[in-house]
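Hey, can you work out the whole structure from these sequences and the hints?
Here is how the chains run, residue by residue.
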Amino acid sequence: MSKDQHIDFIKIQNNSITAAEGLLFQTEKQIDPFKFLGDAYKFFGITYPKFFKMDGLSKAGLIAAELLSEKVSIEKNTGLIFSNSSSSLDTDLRFQDSMKSFASPSVFVYTLPNIVLGEISIRHQIQSENAFFISEKFDPALILDYAEIQLKNSACENVLCGWLNLHNNEYDVFLWHVAGLEDLQSQRGQLLKIYATTHE
Amino acid sequence: MSDLHTELKESIIEQLNLEDMQPADIENNEALFGDGLGLDSIDALELIVLLEKDYGIKLTDPNQGKQIFNSINTMADFIEKHRTK
Chain C
279 MSKDQHIDFI
289 KIQNNSITAA
299 EGLLFQTEKQ
309 IDPFKFLGDA
319 YKFFGITYPK
329 FFKMDGLSKA
339 GLIAAELLSE
349 KVSIEKNTGL
359 IFSNSSSSLD
369 TDLRFQDSMK
379 SFASPSVFVY
389 TLPNIVLGEI
399 SIRHQIQSEN
409 AFFISEKFDP
419 ALILDYAEIQ
429 LKNSACENVL
439 CGWLNLHNNE
449 YDVFLWHVAG
459 LEDLQSQRGQ
469 LLKIYATTHE
Chain S
10 MSDLHTELKE
20 SIIEQLNLED
30 MQPADIENNE
40 ALFGDGLGLD
50 SIDALELIVL
60 LEKDYGIKLT
70 DPNQGKQIFN
80 SINTMADFIE
90 KHRTK
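If you read the protein sequences in the order shown, they are chains C and S. If you're matching positions, the first sequence starts at 279 in my numbering and goes up one per residue. If you're matching positions, the second sequence starts at 10 in my numbering and goes up one per residue.
It is worth saying that the hints were derived from the structure and are not from the lab. Ideal Cβ positions, reconstructed from N, Cα and C, are used throughout, including at glycine. Each hint should be verified, as a subset may be incorrect.
Coverage of chain S stretches by chain C, computed from C-beta distances (three or more under 8 Å per stretch; other residues unrestricted) [what the hints assert, rightly or not]: (1) 34-46; (2) 57-65.
Some chain C residues flagged as far from chain S (calculated, every beta-carbon gap over 12 Å) [claimed, not checked]: (3) L346; (4) D423; (5) G467.
To give an idea of the chain S side of the interface with chain C (calculated C-beta under 10 Å), a few residues [stated by the list, open to error]: (6) D29; (7) D49; (8) I51; (9) D52; (10) L54; (11) P71.
Below, the structure written as structure tokens:
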């Protein structure tokens, strides 16, 4: 396989959303992550009734998956394998803060990082395997190794993979698609380079 | 429309993150759940919290919820009769 094998991805960082083909959306200045994600949601004309009730992690994941689904097939047998370093800490702290007066049920339901996988699954009617790993930094080998196991076991037909981190008002989202085993092998060694290139 | 009705609508919009919705968009008799406003079970929990936080009403019987949270009118009626603040 060529080193320049095309990989479909969506990256969200520093008030901008980019894809393999270039910049898709950007705000002029640094704004609150929730405002940025809300603006992006409206800009792309996405309609999902629960969007504004979701936590930041789910909002970022849903937008990235939505944009990726315009280029690749995300369907019933798509596996979801995500990872981050902050788990759901951003929402955990919001929930802790709400407990000073009245604990918020709607914040509590997002105090797990894998809730975003459920939101994406509902949106795209996915009924396949999913996993959310916590790792210190973006580790494509960890995600691809697990994706390979799932594909070899026929637990899914293709995989939506992602690094999805949100904490301290900083977000770092990198979602990409693995079409199958052959595609997966061709991606090894490329992802860190793409991630680094798009994170300047 | 009473001040309480308007206040309730504003609180619900804020508390439940009903983006782009205005108080005037919610009819007093409109069903809050199901085909009406489309609220869900987590929203119901938020409404219970709202009753306690803003009006000092603690629901002791969960079965009351279905009747109380039927519409803005039923919520306002219940609050007027039971509020402690």
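Checked hints:
As drawn, the region 34-46 of chain S meets chain C at 0 residues by the rule of a beta-carbon pair under 8 Å; below three, the given contact is violated. Restraint check on the region 57-65 of chain S versus chain C: 3 residues with Cβ-Cβ distances below 8 Å, three needed, restraint holds. Every CB of chain S is more than 12 Å from the CB of L346 (chain C) (nearest about 24 Å), matching its label as outside the interface. Every Cβ of chain S is farther than 12 Å from the Cβ of D423 (chain C); the closest lies at roughly 36 Å, confirming the non-interface assignment.
Listed as a non-interface residue, G467 (chain C) keeps its Cβ farther than 12 Å from every Cβ of chain S; the least gap is roughly 42 Å. The restraint placing D29 (chain S) at the interface with chain C holds, with a minimum CB-CB distance near 8 Å, inside the 10 Å limit. Because the smallest distance between the Cβ of D49 (chain S) and any Cβ of chain C comes to about 8 Å, under 10 Å, the interface hint for this residue holds. At its closest, the beta carbon of I51 (chain S) sits 5 Å from a beta carbon of chain C; the interface hint therefore holds under the 10 Å criterion.
Given the 10 Å rule on beta carbons, the hint for D52 (chain S) holds: about 7 Å separates it from the nearest Cβ of chain C. Interface hint status for L54 (chain S): upheld, as the beta-carbon distance to the closest one in chain C is roughly 4 Å, under 10 Å. Annotation: interface hint on P71 (chain S) violated; nearest CB of chain C at approximately 13 Å, more than 10 Å.
The structure shown violates the earlier hints numbered 1 and 11.
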